[in-house]
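Peer 1: In this text, residue positions in the sequence shown follow the numbering used here: the first is 1, and each later residue adds one.
These are computed hints drawn from the structure, not numbers from a lab.
For glycine and all other residues, C-beta sits at the position ideal for the given N, C-alpha and C.
Among the clues, some could well be false.
Claimed, not checked - Label pairs and their in silico Cβ distance ranges:
(1) Ala50 to Glu11: 15 to 23 angstroms
(2) Ala26 to Gln2: 35 to 43 angstroms
(3) Arg14 to Arg56: 12 to 20 angstroms
(4) Ile34 to His72: 17 to 25 angstroms
(5) Asn25 to Arg51: 31 to 39 angstroms
(6) Ala26 to Glu74: 15 to 23 angstroms
(7) His6 to Arg33: 15 to 23 angstroms
(8) Ala60 to Leu18: 28 to 36 angstroms
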Amino acid sequence: MQISPHTALLEQQRCLLLAVVGRCNADELHRFRIRVDRFAEASTSDTPMARRERLRYGLATMEDMLAAIERHFEPLHSSQSG
1 MQISPHTALL EQQRCLLLAV VGRCNADELH RFRIRVDRFA EASTSDTPMA RRERLRYGLA
61 TMEDMLAAIE RHFEPLHSSQ SG
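Input sequences plus hints: build the corresponding full structure.
Peer 2: Structure, rendered in structure tokens:
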């Protein structure tokens, strides 16, 4: 059985959400959880434009979570190089 791009992206978001815990402040984590929940509850409209916008929103959420993780590790890299 093939899973939809929406389902695959949602699973990736949920994994990344676990990774971001402890690597960002509580407000940022709360915003990420809300964004993942919104993506999970998004309507499954059949129009190509709606699907594209939903996936774009999901990818933007993941990019923001990855940026939060990178910010967490930046101080470690700068202290090791100096």
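Peer 1: It remains to establish, for every hint, whether it holds in the given structure.
Peer 2: We went through each hint and held it up to the structure:
1. Ala50 to Glu11: 15 to 23 angstroms: 20 angstroms, holds
2. Ala26 to Gln2: 35 to 43 angstroms: Holds, since Ala26 and Gln2 (Cβ atoms, about 38 angstroms apart) stay within the stated range.
3. Arg14 to Arg56: 12 to 20 angstroms: 18 angstroms, holds
4. Ile34 to His72: 17 to 25 angstroms: 20 angstroms, holds
5. Asn25 to Arg51: 31 to 39 angstroms: 33 angstroms, holds
6. Ala26 to Glu74: 15 to 23 angstroms: 20 angstroms, holds
7. His6 to Arg33: 15 to 23 angstroms: With a Cβ separation near 18 angstroms, His6 and Arg33 satisfy 15 to 23 angstroms, so the hint holds.
8. Ala60 to Leu18: 28 to 36 angstroms: 19 angstroms, violated
Going down the numbered hints, you'll see the structure goes against just number 8.
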